[in-house]
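Could you put the whole structure together from the sequences, leaning on the hints where they help?
Here is how the chains run, residue by residue.
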Amino acid sequence: MIKALLRIVARRLFAIVPVFAVVTVLVFAALRILPVDPAQMSLPPSATIEQVEAKREEMGLNKPIWQQYALWARRAVAGDLGESAQYRMPTAKGVLERLPATIELAMCALVFAVVVGVAGGILLFTVRGTALESLGMALTSVVMALPDFLLALLFILVFGVMLPLFPVNGRLDPGLEVPSHTGFLLLDSLLTGDVSIVASAISHIALPVMALGLAFSPTIVRVLHSSLINTYQQSYIRQARLRGLSDREILFGQALKNAILPVVILVGTQFGGLFGGTLLVEMIFSFPGLGNLMVKAMQTADLSVIMAIALIYCAVTLLFNSLADAAAYLLNPKLRTA
Amino acid sequence: MKDIDRRLFMKLAGAAGCALVLRPDLSFAGEIDNISIAWMTDPVTWDPNQRLSPDPQSILKTVFDQPLDQTPDLTLVPSVVTEWKLADDGLSLHVKLRDDVKFSDGTRLTAEDFAYTYHQRFVKGDQVDLVVGFGVVSDIEVISPTEAVMRFSKPFPTAAQWLAFSASYIVSKAYAEKVGIQGMQTNPMGSGPYMLKEYKRDSRIVLTRRDDYWGEKPSIKQLTFEIIPDPTARLAALESGTVDIAMELSIRDVKRLQKSGNFNAIANPIARIIYVTIRADGTFADRNIRLAAAHAVDKKLLSKAFFGGEAATIDFPTVPGMPGSPKNSSFAYDPAKSKELLAASGYSTDKPVTLSMATTNGQFPGDYDMARAIVTMWEKVGIKANLTVITEAQWYELNASGKLPDASLFVWENGTGDPELFTGHMFNEEMPFATYRTPEVTARVKPLFSEPNYEKRIKGYEELNAYLIDEGAIIPLVQAIQTIGYRKGPTLTPWANGGIGPFAIKSA
Amino acid sequence: MMRIWSWLSDPGLVIGGAIAGLVLACAVCAPWLAPYHPNDQDLLYILAPPVWAPDGAAEHLLGTDSLGRDTLSRLIFGARTAMEVAVAASFGAMALGAVLAHLAGYFGGRVDWLISRLVEIWLSFPPVVLSMLLIIGLGVGTDKVILAIVLVDWTRFCRVLRSEVQVVRGQDYVSFARLVGFAHMRVIVREIFPATLPMLITLFSLQMGISVVVEAILSFVAMGVPADVPAWGQMIADARINMFDAPWGLALPILAIFVTVLSFNLFGDGLRRVLDPRHRANGHV
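Residue numbers (the numbering used here), protein chains in the order written: chain A, 14 to 351; chain B, 950 to 1457; chain C, 1280 to 1564.
Please note that a few of the clues may not be correct.
[Claimed, not checked] Using 30 Å as the maximum straight-line C-alpha spacing, the simulated DSSO-like pairs for lysine-lysine come out as follows:
1) B/Lys1122 / A/Lys106
2) A/Lys106 / B/Lys1073
3) B/Lys1352 / A/Lys76
4) C/Lys1423 / A/Lys309
5) B/Lys1122 / A/Lys68
6) B/Lys1352 / A/Lys309
7) A/Lys68 / B/Lys1103
8) A/Lys309 / B/Lys1149
9) B/Lys1352 / A/Lys68
10) A/Lys309 / B/Lys1146
11) B/Lys1146 / A/Lys106
12) A/Lys76 / B/Lys1073
13) B/Lys1073 / A/Lys68
14) B/Lys1300 / C/Lys1423
15) B/Lys1352 / B/Lys1288
16) A/Lys106 / B/Lys1149
What the hints contain is simulated information worked out from the structure, not anything from laboratory work.
Given below as structure tokens:
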């Protein structure tokens, strides 16, 4: 059973490799169109024309574009993602430094979104047919009109200016020290055993997580709600009622695990969007992750950083898409016979 | 405890273009365990010679020493270099160094390190901005561990000023050879009063005081820089007590802090100017248009709107009170004259002349707002400017490739006070900073670079500045101000060139 | 006739439609509605609060921004920018997505495979990131923003419509048309398209809301419309710097975006309920 599971997952993962390769080519080409000279940008302002030319040669900018791509690809596989023009240090290093913060943020936001979304979906379902349901649907409409970027700004306005309950910047209170073992601040702060540090880490990540998560949960609520409605139309539900099972037993015992499938697929396919949402949310909350780095890179046309981070976003999106595919396949017996 | 009397401070600042400073000859009272400062940007690299950017200099100065230092009125005083003599032909500089300077790894600082920093690094091919100033060094002869002669391929009369300028810090040759250029960028080891204890990029820097420092020990045992790029977050950090000092706050925040009981703030004019660069070709080849653009800008209104009136307006590319400033001369805000000049070239508000302008956004407080305000002021007289936003790095690249827009808003730092590093660099067409390049200007500027006589050189710059303004080659706007908010407790005295040193903070 | 009345009984449709219509009206009538020119600076009167706050004045009902420009006028002209971009971009995305969806769903086989792979590659980018990457490549400007939105969001139309087209294609009357000898193009336009039209319109309304948000995001990061064109995203970016001194300057454009997106979403949702025969059958109108 486990072997079959792994085989399915592995097959899905292999399927995305060619797609990813095409994506790298597209992004590379798009960035090379830019009227920016990466060589000039990575040298001090007093560099002479000869020095710039020499740098261009060194960076291979005079070769035809497919050769440049091959060069990039070869280096990338070995772990060299080029050099950041604004920081003048290896891109791979800079990106890896920031990656854990973004992963932590996205994961926490995902958990938050799923918890709130599933709870909300179940709740909305239990009040079906009543006025509360219409109210609940209206509420989801309202929250759906607030994308993560607006939610983040609203939180800053409310909690930064009006009710200073949560901090609106960074990951930790200035003045606190947390030795970095895993790179994930929440884990590292738990390891210190100091409650005030853990509290500080949690309170700093709270608003960004809620901004990202709340933007996602209304869709989960709706999908689960309509999925439960569909599931309850199946005959086995009626049979379970006839057998005398209580509403709660039916819901949690039988229906939910069949109704959850569309939610799983939704999460898989939309995770890329959530992960991409970290770009703006990090910028707005001055959260030191990939998103913040990407915004600065785009403003300064730091090509190697833009390329590296764009590809990370794509890789994550593709990964979760294929995981959703695999999950759908596993959870839905009907698909398996196909 | 005594706060700084702001009025006295401003008077002194205005008079000499400088600020009060606490220097080694004043004793310190009481030791302070830790001072936390909310800072704007990460230094990015710990190789002190690598970047000329002004923001990291204060931090680098804690870990590294400069050969020469500056007093509040920006005169040069000895630091690691005790004596220096420029040859009459300006082709060499003879320096003598202290013999008691130790790097934090215990090794002695000698003239070998000096020669390595100011010559061998460039020969090796290290990509450092220090080469902008010292690329002209052809050789450094080490006479003894405490004596050396710098030789230049061209006369270099401002060599000493450059030794006290940005990126000019002495690094250890042995250490550099041991760790390589990557190691220099990540693990600094210098001869300055502090050592780097902890560094989290874009987050925090902790420095601890060295007990074997050769100079005056600062009264602060530990310095913490919290990197907070967002100005409102810096203010929040100050108000919540997590930092003692917050840099670069908005003028409105300064005024609010000044009224509060627990905090205070100063707006300190520094040796930095904000101005509009002009290209000599394209639309601005027409002198009428250049002068029309210059007369149309209401500098006092800009200062009032964006700096609370605290920024002194300037009419020349220098700071009031510094050498090179023509005396008894000014440039009027006169929109009527602008319209006249434009009409003479066939333009009016109905038929405006179009040009392009670039600005940064967020490089310094108010930059984007100022640029937009200027665009509107121009529109009112008949100049239509298309504004684009660029970064500082892009400015250099555009200028180098000749693609810089007709006008751009720029800020210029000159910690030395010498006009060569203002007008000289702005208009020397061999430098990457020049935007207005004409044969006349070059003919006037070049000789000043090799003029060894100080008075003659300064007079030359006064005349040059007057000429440039007459030609509309640049539109100087205001002298920049540095804002600092602080918790009442430690008293604070900053330098005029924008740096804060740990010497400048003492407990009252 | 009956149809229209039943439309009016759906509250979401009515409220959403009314507000959306109001926003569109603002956009069209901006020059006459706005009390000031949106770029008029008044450097002596910056960051003034709205009329209901202390120090507010009736001259500037909603206050001014950091350059002294009237917030109300900028909101109204911002609506114009948002609507211009949203309408053009939504039509573009719809056109591109619909054409490709019909081709894929109708012809199947290789065409379908190619278009589906294209969609898959496109969808491997988070939408926000893709639009920014496109702007980096295309440059800034209103037309580039529209193009970027079209190039990112066509996939939404394509995916949904493709399955609709496949369903319709299987219907008898379509096979009949082919049997009779009508050309592909005619079959697509005459038989299939009218059946997919309701879904198309619904998606269009939702896309309007999405386009408004993307335009705001792009102008927020200064990669959108030119700086002299008033835009809600730009207003937010400017107001954020001074949010402690002037929170209303930040709250008002946020509110504007929220209300606009909500209204288009409600309208789109309502349309879906009203036009979808399945929903109607279940009495869920």
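So, going through the hints one by one against the coordinates:
no.: 1; hint: B/Lys1122 / A/Lys106; result: 26 Å, holds
no.: 2; hint: A/Lys106 / B/Lys1073; result: 25 Å, holds
no.: 3; hint: B/Lys1352 / A/Lys76; result: 24 Å, holds
no.: 4; hint: C/Lys1423 / A/Lys309; result: 21 Å, holds
no.: 5; hint: B/Lys1122 / A/Lys68; result: 26 Å, holds
no.: 6; hint: B/Lys1352 / A/Lys309; result: 22 Å, holds
no.: 7; hint: A/Lys68 / B/Lys1103; result: 27 Å, holds
no.: 8; hint: A/Lys309 / B/Lys1149; result: 18 Å, holds
no.: 9; hint: B/Lys1352 / A/Lys68; result: 20 Å, holds
no.: 10; hint: A/Lys309 / B/Lys1146; result: 28 Å, holds
no.: 11; hint: B/Lys1146 / A/Lys106; result: 21 Å, holds
no.: 12; hint: A/Lys76 / B/Lys1073; result: 28 Å, holds
no.: 13; hint: B/Lys1073 / A/Lys68; result: 16 Å, holds
no.: 14; hint: B/Lys1300 / C/Lys1423; result: 28 Å, holds
no.: 15; hint: B/Lys1352 / B/Lys1288; result: 28 Å, holds
no.: 16; hint: A/Lys106 / B/Lys1149; result: 14 Å, holds
Of the numbered hints given earlier, the model fails none.
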